[in-house]
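**Student:** Residue-level listing of the chains:
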Amino acid sequence: MADPAVDSDEESRISEGDYVVLKRADVYKSVQIEKRKKVIFEKQWLFMDNAIGELYGSTFEVDGGGKLTLRKPNNTEDPTDTKGAGLDNRHIVDDGKSQKLTRDDIESLKEQGLKGQEIIQQLIDNSTTFRDKTEFAQEKYIKKKKKKYESKITVLKPTSRILAMMYHGREPGKVCHLRYDTLAQMLTMGNIHAGSKIIVFETCAGLVLGSVMERMGGHGSVIQLYPGGGPVRAGMESFGFPSHFHNTLHEFPLCKVNALLSGTLNVDEKDMDSQSNGRSDEQCSSSQVSTGEGDESSSEPQKMEVSADPAEAKKKEDREKSREQKRVRMEEKRKRLAAAAALLEGRNADGLVIASRFHPCPVLLGLLKFVAPSRPFVVYCQYREPLIECYTKLREQGGAVSLRLTDSWLRHYQVLPNRTHPVLLMSGGGGYLLSGITVSADAAATSGAQQKSGEPAAKRIKLDEIKSTSDSSA
Amino acid sequence: MSFVEYSEFIQEGDVVIIFLGHDSMMPIKVEAGAQTQTRYGAIRHSSDLIGRRFGSKVTCSKGGWVYVLHPTPELWTVNLPHRTQILYTTDIANITLMLDLKPGSIVCESGTGSGSLSHAILRTIAPSGHLYTVEFHAQRAEKAAQEFKEHKVAHLVTVRNQDVCKEGFGVVGVADAVFLDIPSPWEAVTHAKKAFKRKGGRLCSFSPCIEQVQRTCEALLEQGFEEICTLEVLQRVHDVRSVTLPLPDFGPEDGGAESAKMASEEVSSAANSGHPSVTCRTATAPREMAGHTGYLTFATKPRG
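As you go down the protein sequences, you meet chains A and B in turn.
Position 341, counted from 1, in the first sequence is what the numbering used here calls 341; the numbers after and before it change by one each time, with no gaps.
Position 104, counted from 1, in the second sequence is what the numbering used here calls 104; the numbers after and before it change by one each time, with no gaps.
In case anyone wonders, no lab produced these hints; they're calculated from the structure.
Glycine is no exception: its CB is placed at the ideal position from the N, C-alpha and C atoms.
Heads up, a few of these hints could be off.
To be verified - Dumping the calculated SDA-like pairs for lysine to any residue here, alpha-carbon to alpha-carbon at most 25 Å:
(1) A/K152 to A/Q117
(2) B/K57 to A/E396
(3) A/K333 to A/K152
(4) A/K144 to B/G224
(5) B/K29 to A/I142
What the hints assert, rightly or not - With beta-carbon atoms standing in for the labels, derived distance ranges:
(6) A/L70 to B/H155: 49 to 59 Å
(7) A/P422 to B/G51: 48 to 58 Å
(8) A/G169 to B/S242: 31 to 41 Å
(9) A/Q397 to B/V243: 20 to 30 Å
(10) A/N50 to B/E142: 52 to 62 Å
(11) B/H155 to A/H412: 36 to 46 Å
(12) B/S184 to A/E139: 21 to 31 Å
(13) A/P422 to B/F250: 45 to 55 Å
(14) B/G51 to A/L365: 28 to 38 Å
(15) A/G428 to B/C209: 21 to 31 Å
Looking at chain B on its own, in the form it has when it is part of the complex (with noise of 0.2 Å):
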C-alpha cells in the first residue's frame, strides 16, 4: 500500500482503514503480532489482516465482522490524528482542481499542519511532481515527516520547519501552485510570489474571515497577481431514507367511498395502524451541517 498507488494484497507495515459502519472508520498500522481492539472484539493483524486482500471482510473475535479498506487521502482525511483545524475533501477537490494541480505540478504550501491537505496534494502530483511544505511549528513539522515516511510519500515531499511570512518557501523560481493556510497570508504574498515559476501559476489562500481575506487580496493586487477570485463552497451530506405521511381522514364521502377507498389502497395501507398512509423514498437534508470553513481566495501569478 501507499498512499499514491493501489495494491491489493495488505503488508505489513501498511496502513489500512477499518470501515465499522455507517460513518465510523479507524486507521491501523499492520504489526506481525499485534492485535486492534475494536467494538466488535479483536483483530489480529497477522491472521486477520496481512496477506488479506484490501476490501474483504474480516470477522473479529467476537463475531462482528469489518471491512479493511485500501487508504486514500480522502479516507485519512477523516481518520488522521488532529494536531491542527484540518482542511476537509470538500475544499480541498476545489484547491485541487482551481490550482490545476497534475501529476508534475511543484506545489509549495504552508502550514503543513495535520497533512490532511498534503496527501491529497501528493497522491495529484506523484509520479513526477514535489511538495515543499512549510510548518512554523517544529513537533508538528517533525510528526508530518514522519508520517509521510510511513505512507511511502517521502520521496515526493519536503518538509520545512520555519516561518512562511519571514522565510518563505526555501524555494525560489520552481512552484506551479502556492497554498497557503495562514493566519496572516498577506504577509507571505512576496514570498509566494518568489516561489513560483518565471511562467506563473496558481494561488490559493484559505481564511476564515473576511477581514484576512479583503488584506490578502489587497496584498495580491499590489503584488501584481491577476484573476482574484473569492469563492465558499459548502458540502451537503443527504440522509437517503423512507419516510410514512398519514392521509388525512374527511370522513364518509356520499357515492364516492367506493373511489377513496381505491386510492387508499393504491398508496397503501399501513400494516398496523389500519390508518391510511403514503411512504415515500427520499433523501433529507441534514438538521445541522458545516455552514463555514474558510473562504478560498484563488489568482494567477502571470509571467515574468
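So here's chain A without its partners, still in its complex pose (with noise of 0.2 Å):
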C-alpha cells in the first residue's frame, strides 16, 4: 500500500458515465458525464466531451461555444499588469465614469472571443481610478472581475464533503437545510463505520444516505427506510459508488413497519404482496416526488391502451413480454422486501440515523426497535420542537441512555496578509440534532423515579445547584 507506483493515473481519468462534479470557484454542479450532452452551470453552456479521458481535478477553459480546453497547471497564476497604486481613497470620487468602456464594448470584446484574463486587463486599462485604489483594493477588483469574466471549470471527483457542500449552497430545501458541518456530526456521533448495518430514514435526496454509505466502504449493510412509493436516491447516485455497494444497500417501505413488528408481514405470498403494494404506493405517494423504481406500474398501462389495431399479434406479444418482465420485476421487488425485513427482524443494528422532513418523534420511537443496545442513534431536525419532543417521549420510555440535543456554528475566515478577518456572511443554522446511545430495556428498572434513587444525593444537589433547576433533566 505503500507502494507509488499503485498510485496509478488510471483509476483517476474521468470516463464516459462517471459522476462528477463541477466546480467553479465556490459553486458546485453534480452531472454526469455523456458525450454532446449539453450542461448549464453558472448560466453557461458546455459540452463535457473533453473530459473525457482527462484526469480528475483538471480544470478547463469553456470558450464560446461551450467546448472545454484543458488548462495546463502551469500557467493558472496570470501576473496582472498594475503599475503602481494609491494609499487611500481620498481623492476617489465615485462619479459613475471611472470606466471608459461601455457595456457595448466588452460585450463585442466577448463576441470576438477574447480570453476572459484579456477582458480584465482592458477593464483595468480602462479604468481611470484603477491606478489610485489601494493594493487591497486593486485586489479586491480583479478578483471580482475574474470571477465574472474567467469560467475555469474543474472537474472533481465527488465525496460527502463536496456534495455536502454543494446541496447546501444551492438546494438547501431539496435536504430539509441540514448544513455540511451537520452532516459531519451526524456520520461522527452515529459511529458510522465499514462493517456495521445501519437503519436510515432520510428525506435529503439521498445525500444522508450516500454519506453514510461512503463511510462504510461497501462493507456492511445498510437499509433504508423509505416513505411513499420508493426511496428517493438521486444524491446517493451521484456519488458514483461501484457496484458493489450496492449490494449493501437494502430499502423497506416505512409504511410496513407496523406489519413487521408485530410480526404480521407477509413476504412469501406473491398475489398478496403486490396487492398491498400497489395500495400502500397510492397511500403514501401523495406526499412523495415519484422515482424510479416505485412507478413502473404507472407507465405500462398507458402504452397499451394507445396502441392501435394493425400490429395486433405483435401487441399480445408484447403484452405478453412486459408483463413477463413485470412479474420478474416484481418477484426480484419480493424478494429485495424480504431481504430487509429479515435483517430488521433481527432487531439487532448497529446504528440509526434520520433526518427527514417528517416530524421525527414517531420516526424515532418507532425505529429505534430495530436498533441493538448500546449502539449510538442520531436524529436530524431543522426546528428544535420536535427534538424536544423526542427528548421528552424517550426520557419517559426509556431505553436510550446519554441524550443530547445540539446544534453547531460555523464560520468562515478570510485569511489574507493585513486583511484576516471572519467571512461578513454567515449561516444562520444548520439545524439540530438528538444523540444517543440505546440501551437493553428491561421493563422494570425504566421508571423516572427508580432512575433519580440511581443518582448519587451529592451529585444531584451540585447539579441543581449549578443549574438551579426545577427540572431533573439528570
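Can you join these two chains into the complex? Each is in its own frame, and there are hints to help.
**Tutor:** This is how it looks when you write it as C-alpha cells:
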C-alpha cells in the first residue's frame, strides 16, 4: 500500500458515464458525463466531451461554443499588470464614469472571443481610478472581475464533503437545510464505519444515505426506510459508487414497519404482496415525488391502451413480454423486501440515522426498536421543538442514555496578509441534532423514580446548585 | 470488542464504558477476578461483566445500577486519560468529513497527543486504510502505541517517535490526507506535501491562534496548495427542561373576570401557590460553553 507505483493515474481518469462534480469558484454542480450532452452551469452552456480521458482535478477553460479546453497546470497564475497604487481613497469620487468601456464595448470584446484574462486587462486599462486604488482594493477589483469573466471549471470526483456543500449551497430545501458541518456530526456521532448494519431514514434527496454508504466503504449493510412509493436516491447516485456498494444497500417501506413489528408482514405470498404494494403506493405517494423504482406500474398500462389495431399480434406479444418483465420485477422487489425484512427482524442494527421532513418523534420511537443495545443513534431536524418532544418521550420510555440535543455554529474566515477576519456572511442555522445511545430496556427499572434513586445525592445537589433547575433532566 | 468492530458480548480484555448517570462515565478494562469501585458500589468483572451483553444494566454491590456500553471513539474521547489537550468530537467530525476520510484512506497525523483524533481516524479508515502518526514526545508515543494494541487497532496504525517539522512523517507519496496539530504547522508543510500521493489529497491544520493560521496559510499557498479555507465550528448543547412562568395579575377586571379565569385554567394554575402560571417544555442554551477550540484550516494538495 505504501508503494508509489500503485498510485497510478488510470483509476483517476474521467470516463463516460462517470458522476462528477463541476466546480467554479465556490459553486458546485453534480453531473453525469455523457457525450454531446449540453450542461448548464453558472449561466453557461458546456459540453463535457473533452473532459473524458483527462484526470480528475483538471481545470478547463470554456469557450463560446461550450467546448472545454484543458488548462495547463503551470500557467494558472497570471501576472496582471498593475503599475502603482494609491494609499487611501480620499481622492476617489464615485461619478459613475471611471470605466471608459461601455457595456456594448465589453460585449463586443466577448464576441471577438477574447479570453477572460484579456478582458480583465482591458477593464483595468480603461479604469481611470484603478491606479489610485490601494493595493488591496486593486486585488479585490481583479478578483471580482475574474469571477465574472474568467470561466475556469474544475472537474472533481464526488465526495460527501463536496456534495454536502453543493446541496447546502444550491438546494438547501431539498436536504431539509442540513448543513455540511451538521452532516459531519451525524456521521461521527452515529459511529458510522465499515462492517456495521445501519438503518437510515431520510428525505434529503439521498445525500445522507450516500454519506453513510461512503463511510461504510461497501462493507456491512445499509437499510434505507422510505416513505411513499420508493426510495429517493438521486444524491446517493451522484456519489458514483462502484456496483458492489449497491449490494450492501437494502430498502424497506415505512408503511410496512407496523406489520413487521407485529409479525404480520407476509413477504412470501406473491399476490398478497403485489396487491398491498400497489395499495401502499397509492396511499403514500401523495406526499412523495416519484422516483425511478416505484412507478413502473404507472407507465406500462397507458402504453397498451394507446396502441392501435394493425399489429395486433405483435402487440399481444409485447403485452405478454411486458407482463413477464413486470412479473420478474415484482419477484425481484419481493425478494428485496424479504431480505430487508430479515435484516430488520434481527433487531440488532448497529445504528440509526434519521434526517427527514417528517415529525421525528414517531419515526425515532418506531425505528429504535430495530437497534441493538449500546448503539448510537442520531436524529436531525431543521427545528428544535420536535426534538424536544423526542427527548422528553425517550426519557419517559427509557431504553436510551446519554441523550443530547445539540446544534453547531459554523464560521468561515478570510485569511490574507493584513486582511484576516471572519467572512461577512455566515449561515444562520444548520439544524438540530438529538443523539443518544440505546441500552437494554428491561421493563422493570426504567421509571423516572428509580432513575432518580440511582443518582447519587451529592451530585444531584451540586447539579441543582449549578443550574438552579426545577427539572430533573439528569 | 474492538474500536473498529461491534460485538455483542463483553469479553475479558475488553475496554468497556461504565455509564453512571448524566455526563458521568468511566472506562474500565475487563479482567477476570478484578473489581471496580463506583459510587454505587463494586462491579465484579467476572460475574457482572464477562459474558454480559453490551448495553445491559448492571447492579452494583450497594444496590445502585449502571449501564455498560460498547466503546466508540466518541465515548473514548470523553473518557480517555489526558496526556495533552485533546480534540473533541465536534472538531473531529468536521476534520473527518473535510479530509474526505473513508474506509481505505491513508492518513498522516502529527502529533498523536492523547490519541483522541487517532481513534476516530482509525474507526473511519478501517478495515483497509492506514494511519501514520508522529509524536515527538517519546513517552506519549509509547503510551499511544500501547493503547492502540489494547483497543485492537494496532494493525491499522504506525506510531513514530520523531519531530515532524524536521523529519517528516517517515513516509513519502502515500497519503490521501494529512492532519497537523502542532505548535508550528507551517514548519511541517513541506513534509506534509511530500507525504501525499502523487494524485494529491486533503490537508488540515488545527491551531488555536490566528497568527498560527496566518503563517500556515502563507506556507500552504507558497507550496502550491489550493482551496485554502479556514473555519471554526462550535457545538451548543441544549438543556431540555420544563420552565414555569408566572402570569401577571392585572387586578380584577369588570365583566371580563369569567374569561380571564377560563384562560388561566386552560393554561394550568400552579398546584400549591395558587398563582396562575404557564409551564412549557423548552431547551435552554448553556450558560457557559466552550467558545473557542481552534481554527481549522483545510487545503487541497493538487496532483503533481
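**Student:** A separate judgement is required for each hint: does it hold in the structure or not?
**Tutor:** Structure-based check of each hint:
| no. | hint | in the structure |
| --- | --- | --- |
| 1 | A/K152 to A/Q117 | 11 Å, holds |
| 2 | B/K57 to A/E396 | 17 Å, holds |
| 3 | A/K333 to A/K152 | 45 Å, violated |
| 4 | A/K144 to B/G224 | 22 Å, holds |
| 5 | B/K29 to A/I142 | 61 Å, violated |
| 6 | A/L70 to B/H155: 49 to 59 Å | 42 Å, violated |
| 7 | A/P422 to B/G51: 48 to 58 Å | 54 Å, holds |
| 8 | A/G169 to B/S242: 31 to 41 Å | 39 Å, holds |
| 9 | A/Q397 to B/V243: 20 to 30 Å | 22 Å, holds |
| 10 | A/N50 to B/E142: 52 to 62 Å | 54 Å, holds |
| 11 | B/H155 to A/H412: 36 to 46 Å | 38 Å, holds |
| 12 | B/S184 to A/E139: 21 to 31 Å | 28 Å, holds |
| 13 | A/P422 to B/F250: 45 to 55 Å | 46 Å, holds |
| 14 | B/G51 to A/L365: 28 to 38 Å | 30 Å, holds |
| 15 | A/G428 to B/C209: 21 to 31 Å | 27 Å, holds |
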